[in-house]
Amino acid sequence: MLNSAQQHPYFRKEILLTTKHNKTPLIAPAFHNQLEIKVVEHFADTDVLGTFSGEIERTLPAGQSAIAKAKLGLQETGRTLGMASEGTIGADAGIGFLNSDVEILALVDLEKGIEILERYRSFDITAAKSIASPGQNLEEFFRLADFPNHRLIVRPSKGVSTKVLKGLATADAVFEAVNICSTESDDALAIVESDLRAMHSPSRQKNIAQAASLLAARVLSQCPDCKSPGWGKVDVEKGLNCSDCDTPSEFAVKRDIYGCVSCPHREPGEQLAKFASPAQCVICNP
14 MLNSAQQHPY
24 FRKEILLTTK
34 HNKTPLIAPA
44 FHNQLEIKVV
54 EHFADTDVLG
64 TFSGEIERTL
74 PAGQSAIAKA
84 KLGLQETGRT
94 LGMASEGTIG
104 ADAGIGFLNS
114 DVEILALVDL
124 EKGIEILERY
134 RSFDITAAKS
144 IASPGQNLEE
154 FFRLADFPNH
164 RLIVRPSKGV
174 STKVLKGLAT
184 ADAVFEAVNI
194 CSTESDDALA
204 IVESDLRAMH
214 SPSRQKNIAQ
224 AASLLAARVL
234 SQCPDCKSPG
244 WGKVDVEKGL
254 NCSDCDTPSE
264 FAVKRDIYGC
274 VSCPHREPGE
284 QLAKFASPAQ
294 CVICNP
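Just so you know, we're using the working numbering here: the sequence shown kicks off at 14 and counts up by one.
These are computed hints drawn from the structure, not numbers from a lab.
Please read these numbers as outputs of a predicted model, since none were measured by experiment.
Possibly wrong hints are sitting among the right ones.
[Stated by the list, open to error] Computed spacing ranges between beta-carbons, pair by pair:
1) P74 <-> A292: 23 to 31 Å
2) I144 <-> F56: 28 to 36 Å
3) N298 <-> R92: 49 to 57 Å
4) T196 <-> S143: 14 to 22 Å
5) K142 <-> T183: 17 to 25 Å
6) E27 <-> T72: 24 to 32 Å
7) V173 <-> D58: 17 to 25 Å
[Claimed, not checked] Restricting the straight-line Cα-Cα distance to at most 30 Å, the calculated cross-link-like pairs of lysine-lysine (BS3-like) are:
8) K176 <-> K142
9) K142 <-> K171
10) K240 <-> K267
11) K219 <-> K26
12) K26 <-> K51
13) K179 <-> K142
14) K240 <-> K26
15) K51 <-> K246
Yeah, the Cβ is synthetic: ideal placement off N, Cα and C, and Gly gets one too.
Working from the sequences, and respecting the hints, build out all of it.
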């Protein structure tokens, strides 16, 4: 008798992972553990959709960029089932004084006509940046940047030069890069910053692996109505009364709403709280 995993439409299927930055070891284990899926890597120049170092600006939202990467690989190989990821690192949208890493992983199934996304947000990310002059002592910056465990990028501070030296793994390489880039900068300085590409950022690697676990779990979950993969949280229901003054709060989340990526079926989740925190109340916290 087949178990539920063996009856899943993706059981032991191959999924193409389109990547330029060696993400397969971070993503493949979660899918093998859930459904014995084999993740097949496809190298593609995904930098055409944007780079962390800014030479090419990202024109799509991160989720759409991940989908576009997956579709790029499918187009190049003729396959119909693929994945790709995109990360956004910088000032957090909710807590602006902290850096966060939001990793989005997308699965695209051209045969079923579905797209499944999951995201993982983490404050555990090493993303350091400094301005340096030739010969400057960078020992403290190296400590903050967890260098050489995390590699570095150096580029001119100001001007029209597009020179970017990436993947720097030794102090000598960084000092030489600062010398080179400062000569091409209008202010004779260089920017030294974390190389946030996946193969050079161990802290980001952990977050990508977490995003993969979330997506694998969501792919495993099937719609109770049409049985499509990808059943999961699609929205929230808000609206609870304040626990102190009983004023209705439109900001407090009452429950999650679950839905299908293929059909219109939706279901409410269990109620998460009975009351809103005073911090979410327009009277107690105007």
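A quick look at each hint next to the structure:
The hint said 23 to 31 Å for the Cβ distance between P74 and A292, and at roughly 29 Å that hint holds. At roughly 34 Å, the beta-carbon separation of I144 and F56 lies within the given 28 to 36 Å, and the hint holds. Separation of N298 from R92 is about 51 Å and conforms to the stated range, judged on CB atoms against 49 to 57 Å. Checked against the hint of 14 to 22 Å, the pair T196 and S143 passes, with Cβ atoms roughly 18 Å apart.
At about 19 Å, the CB distance of K142 to T183 agrees with the hint of 17 to 25 Å. Evaluation of the 24 to 32 Å hint for E27 and T72 yields a pass: the beta carbon distance comes to about 30 Å. A beta carbon spacing of about 24 Å between V173 and D58 agrees with the range 17 to 25 Å that was offered as a hint. For the proposed pair K176 and K142, the alpha carbon gap of about 17 Å is at most 30 Å, so the pair holds.
Of the supplied pair hints, the one linking K142 and K171 holds, its CA atoms being roughly 15 Å apart against a limit of 30 Å. In summary, the hint linking K240 to K267 is supported, as the alpha carbons are separated by about 27 Å, within the 30 Å threshold. With a C-alpha separation of about 25 Å, the suggested pair K219 and K26 falls inside the 30 Å cut-off, and the hint holds. In summary, the hint linking K26 to K51 is supported, as the alpha carbons are separated by about 6 Å, within the 30 Å threshold.
Of the pairs offered as hints, the one joining K179 and K142 holds, with about 14 Å between alpha carbons and a cut-off of 30 Å not exceeded. A distance of roughly 17 Å separates the Cα atoms of K240 and K26; the hinted pair therefore holds under the 30 Å criterion. The hinted pair formed by K51 and K246 meets the criterion: a straight-line CA distance of about 26 Å does not exceed 30 Å.
Checked against the numbered hints listed earlier, the structure breaks none of them; every hint is satisfied.
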